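Construct the entire structure; sequences and hints are all you get.
Here the protein sequences come in this chain order: A and B.
First residue of the first sequence? That's 68 in the numbering used here, and the numbers climb one at a time after it.
First residue of the second sequence? That's 14 in the numbering used here, and the numbers climb one at a time after it.
Keep in mind the hints are simulated off the structure, nothing from the lab.
Now the in silico label distances, taken between C-beta atoms and shown as ranges: (1) Val445(B) <-> Arg207(A): 36 to 46 angstroms; (2) Asp185(A) <-> Leu414(B): 14 to 24 angstroms; (3) Ala465(A) <-> His350(B): 36 to 46 angstroms; (4) His613(A) <-> Val445(B): 19 to 29 angstroms; (5) Asp423(B) <-> Gly87(A): 31 to 41 angstroms; (6) Leu103(B) <-> Gln521(A): 18 to 28 angstroms.
As the structure is a prediction and not an experimental result, all values here were calculated from the model.
Ideal Cβ positions, reconstructed from N, Cα and C, are used throughout, including at glycine.
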Amino acid sequence: MPRAHVDPDRLRRDLESLLGARRVSMREGDLDTYARDMWPRLLLARRDGRPPDHLPFAVVWPEHPRELVALVKLARALRVPIIPYGGGSGVCGGVVPVHGGITVDLKRMTAIRAVSRDELVVDVEAGVNGERFERELRRRGYTFGNFPSSIYCSTVGGWLATRAAGQLSTKYGKVEDRVAGLTVVTGRGELVETDGPSRAMHGPDWTQLLLGSEGTLGIIASARLRLAPAPQLEVYRGFEVDSVAQGCEAIRRVLQRGLRPAVVRLYDEFDTFINSLGKRAPTGDAAAHGAPRGATPGYGAPHDDGLAPLPAPGEGALPVLPRPDPAASDGGGDDDGVIGKLLALARGKKRGLRQEAIGLALGNARLLNRVADRVARRGCRMVIGLEGSRIRTEVEAALVFAELAHAGARDTGEVAGRAWLAHRYAVSYRMSPTFRDGAFVDTMEVASTWERLQDLYHSVREAIGRHAVVMAHFSHAYPDGCSIYFTFAAHGDDLAEARRLYDAIWRDGLEAATRVGGTISHHHGVGLLKAPYMTGEHREAMSVLHALKRSLDPDDIMNPGKLGLGAPRAADAAAKGGRA
Amino acid sequence: MPAEAFTRELAARVGDANVQTLPVAAGDPPAWQVSPGAAAEVAEIVRLCDRDGVAVLPVGSGARPTRWRSAVGRQRVHVALRRMDHVVHLDETSLLVHVQAGLTGAGLEKVLAPRGLSIGDYPATMLGSTIGGMIAVRTPGKSSVRHGFLEDAVLGVSAVLADGRTIHTRVAPRRSTGPDLSRALCGSEGTLGVITSVVLRIHRRAESRLVAAFRLPTCDAALAAAHLSLREEVKPAGLRIYDAAEARAHLGAELQQTGVTLDDGAALLLVATAGPTDLAVCDRDIVASAVLAEGGEAVDTRLGEAWWKLRGGDPREVPPPSFQVTVTPSRQRAVYHAVGGAARAVGAVSRAHVSRFDADGAVLFFTLVTPGPGGRPLDGARLEEARAACEEAARGAGGWLLGSRSVQFDPYLAALRAALDPRGIMNPGALV
Ligand SMILES: Cc1cc2nc3c(=O)[nH]c(=O)nc-3n(C[C@H](O)[C@H](O)[C@H](O)COP(=O)(O)OP(=O)(O)OC[C@H]3O[C@@H](n4cnc5c(N)ncnc54)[C@H](O)[C@@H]3O)c2cc1C
Ligand SMILES: Cc1cc2nc3c(=O)[nH]c(=O)nc-3n(C[C@H](O)[C@H](O)[C@H](O)COP(=O)(O)OP(=O)(O)OC[C@H]3O[C@@H](n4cnc5c(N)ncnc54)[C@H](O)[C@@H]3O)c2cc1C
Chain A
68 MPRAHVDPDR
78 LRRDLESLLG
88 ARRVSMREGD
98 LDTYARDMWP
108 RLLLARRDGR
118 PPDHLPFAVV
128 WPEHPRELVA
138 LVKLARALRV
148 PIIPYGGGSG
158 VCGGVVPVHG
168 GITVDLKRMT
178 AIRAVSRDEL
188 VVDVEAGVNG
198 ERFERELRRR
208 GYTFGNFPSS
218 IYCSTVGGWL
228 ATRAAGQLST
238 KYGKVEDRVA
248 GLTVVTGRGE
258 LVETDGPSRA
268 MHGPDWTQLL
278 LGSEGTLGII
288 ASARLRLAPA
298 PQLEVYRGFE
308 VDSVAQGCEA
318 IRRVLQRGLR
328 PAVVRLYDEF
338 DTFINSLGKR
348 APTGDAAAHG
358 APRGATPGYG
368 APHDDGLAPL
378 PAPGEGALPV
388 LPRPDPAASD
398 GGGDDDGVIG
408 KLLALARGKK
418 RGLRQEAIGL
428 ALGNARLLNR
438 VADRVARRGC
448 RMVIGLEGSR
458 IRTEVEAALV
468 FAELAHAGAR
478 DTGEVAGRAW
488 LAHRYAVSYR
498 MSPTFRDGAF
508 VDTMEVASTW
518 ERLQDLYHSV
528 REAIGRHAVV
538 MAHFSHAYPD
548 GCSIYFTFAA
558 HGDDLAEARR
568 LYDAIWRDGL
578 EAATRVGGTI
588 SHHHGVGLLK
598 APYMTGEHRE
608 AMSVLHALKR
618 SLDPDDIMNP
628 GKLGLGAPRA
638 ADAAAKGGRA
Chain B
14 MPAEAFTREL
24 AARVGDANVQ
34 TLPVAAGDPP
44 AWQVSPGAAA
54 EVAEIVRLCD
64 RDGVAVLPVG
74 SGARPTRWRS
84 AVGRQRVHVA
94 LRRMDHVVHL
104 DETSLLVHVQ
114 AGLTGAGLEK
124 VLAPRGLSIG
134 DYPATMLGST
144 IGGMIAVRTP
154 GKSSVRHGFL
164 EDAVLGVSAV
174 LADGRTIHTR
184 VAPRRSTGPD
194 LSRALCGSEG
204 TLGVITSVVL
214 RIHRRAESRL
224 VAAFRLPTCD
234 AALAAAHLSL
244 REEVKPAGLR
254 IYDAAEARAH
264 LGAELQQTGV
274 TLDDGAALLL
284 VATAGPTDLA
294 VCDRDIVASA
304 VLAEGGEAVD
314 TRLGEAWWKL
324 RGGDPREVPP
334 PSFQVTVTPS
344 RQRAVYHAVG
354 GAARAVGAVS
364 RAHVSRFDAD
374 GAVLFFTLVT
384 PGPGGRPLDG
394 ARLEEARAAC
404 EEAARGAGGW
414 LLGSRSVQFD
424 PYLAALRAAL
434 DPRGIMNPGA
444 LV
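This is the structure:
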């Protein structure tokens, strides 16, 4: 067990002797900033003006793997935790220093090195910002293919540490599918490299044992990642189906024929309904957004450089992206919004009024969900996109669209598909207004095989719906199953009430997912949020995780208390046990 | 415990018929082979062995007996999985099969084929192994351009750990709940647990399958054409390049039949594409244009068909390759020529085929033969000498020899084993 306290003067001296004074901070403001990520439960307390429960002892900015080694060695000697920190965009409290420690911000390690023209791989350091990474690759004619909604505020290392998923995962896979090797500083303070062309190697695949370890086994210093040539063609299309079940069936058929669209999204009835609010017409003006540049209708050259516009400066820590024009289509970007969407329900001008409306709506979650059930029988919206080499993508798109039509999906045109593309990052960045208005919002991404997917959808929706307004979309589809992304919003009168509600939603939602054989996380990771549910997820197999921990981090200094490896905190136990 | 008593204990768990005492050299500790019929029996056996510190050696099809010897010096139980050969559950909705570890790949294909399903387009040589053995040993021969690496098809693993506990990694298409724990068992060669069953992704049989054969002026050109095609995202069911000498050795009769001639420096590129018809055609045409761009041309398709038929194992007994090297794309030409040069320097000739293309590269299979027409494979001391020189050259040019191990991770593997198996009973001779 790590030590709870260290002599701050000694720690400062030791750290400064490794990195110099400029790259070590023990200033209050810095410690406060690095005490959290984007976990909404932390934001609740933040809104209430509470100081963080846990602060790091120090924040450091290493620039070289050699410095990472020195830091871990020092931490081992002092028995002080190390908390790797990427963009801090995690939504599960993964970077919270529950036992204090040295927070290691990797954002100064940003080298991107091409390996060779013939190899579809790149060597990249962990601290590179996701958007910059992809932009650099595009300039050279490649793509990594990982486009999380958080691409502007997350790092490559954070992706690898959490097994992140991008919006085009159906074609490119999740990040763990695209890693040829990792360079890691383990909890023993050694710099190790996992396999080259790994299948020449005997023994377990260490790459896969380190991916997703969320800083609990070591610090990822750099990675060799697999690339694809930048797409020559993008094809997007909207579809509509009668029900979630019909939509899922259509998607399953497409994927099991061996076809690989880049993105497949199916919005449930409520999500579709909320999305349609405030629109003039389903098509129409939306054409203004992301209009195709290619000549053939339905086909277009990749838009711009394949990336969303840069955020405007001076908008705070998070970039504020262009808001969807409410008169046109908001395209329903990912996690979009309860923020945009539910607020549409209570679109009052004055803040007080709006707050009241939200309180009212969200305070009656069950009722609202039931009303939604009734009004929303208008079918479900789907977005399908393909990208890749020109000829092959064209052929594949024709096959995909034909298969969907065969499964009863109605083509709603290219505009409907392109609108999503244009706004795909204009997402969860609008969290703060919701929080300002006294409500909270979060997302739960579960997954299962196709066989269990409808069960998973209904069970989790019912479980969350007991406490919150809930909508869902299906995305990240694979031949064997799919992920479901629930967005929920609720309102608590005070911090205690909001937390109680928040914890109950997660407890009921995740337990429902486990009960029907789904996984508790498709891509956000575990952190503190899901730590209490790890035993339910893995059961006896947790012994393998514990063994890995003992092997790579014998002194338990790497991000202790996470991934369900440490003793659960009192708060977690309470969250799980405490029934409302 | 005396051997007889231990035999009785084993028999009490799996039945007399399924326990066999193995012959051992005089003075060596006794050894048994047991064939459990269920995961619960495996657990009981392992628990028994753990109690008495007896080594446990999982056995699949038994293709790798060399490994067993290293455990001599200690009492040991060979746990043969061959009776555990049932398909537990076939989920045709999700295209998954839950299968016991002792079923062979071929056995599984027999269950799947009548339903229009298949393990997929992996090298056919893999199918003789048991499912457990296949995933317990990581080799470059278990990948497919179309489906990826075999481990990527593993959704869940059930295994008995050294303390007799059974673990089931949970099944989901993807997850972010820590490291992929099933990957600890994949490639562990029986050192971390006995794999009792596996949940595997399967595939619908391809709607169309097309084969094509091409001749290219050089092996370099053939490699370039292959990589060009793969960059265009072609997903072939099979892809192989032969240099001229290797083509004559493997497909001599077919070359003659079809009248296809090959100059000495030339190469043959064979491809099978599969999928919905339009896509299979598209992929084949992309390969054809890549070949054209590299100065090659299409030749008689029958050559391709013959290759596709033979790929499961050649009844005409082509000698096994002298050695194989995994090479990433940018190094393949260099390795090919380096080995050629090294062979010449010791008075031998190397010929090669390139296969097992995957996301990381491909495998170059080299056979060392005597110079002159109709070169015969080297053997004995000459082979050893030439192979040593050629392997050295291959490594120098950036290739990875089969069976390399990341030495850096040895202490970590040892610690992992110690944590899961404090008495060191699980396949003690393997992976050291
Ligand atoms: C608006 C928004 C949208 C999002 N959309 C998506 C999405 O579409 N898909 C998705 O997958 N996620 C999404 N997320 C979640 C989050 O962005 C991802 O989890 C991301 O991978 C975290 O990266 P980061 O660099 O911010 O990591 P951090 O939050 O800094 O860290 C996350 C965890 O990884 C560890 N870690 C970070 N870097 C390293 C390293 N180099 N070595 C070892 N451990 C390390 C940390 O200790 C922590 O446990 C979203 C988050 C937000 C706020
Ligand atoms: C010299 C040689 C070279 C080979 N090269 C290649 C190659 O390049 N490519 C290729 O694809 N194949 C190769 N193989 C074959 C390889 O052994 C098989 O691919 C396969 O892994 C073995 O399956 P099996 O059922 O025969 O298992 P066995 O040969 O019986 O066992 C192989 C290993 O796996 C362990 N094992 C078996 N079953 C289990 C289980 N259920 N749980 C835990 N551990 C288990 C055994 O203890 C042993 O260590 C080679 C084999 C040999 C002998």
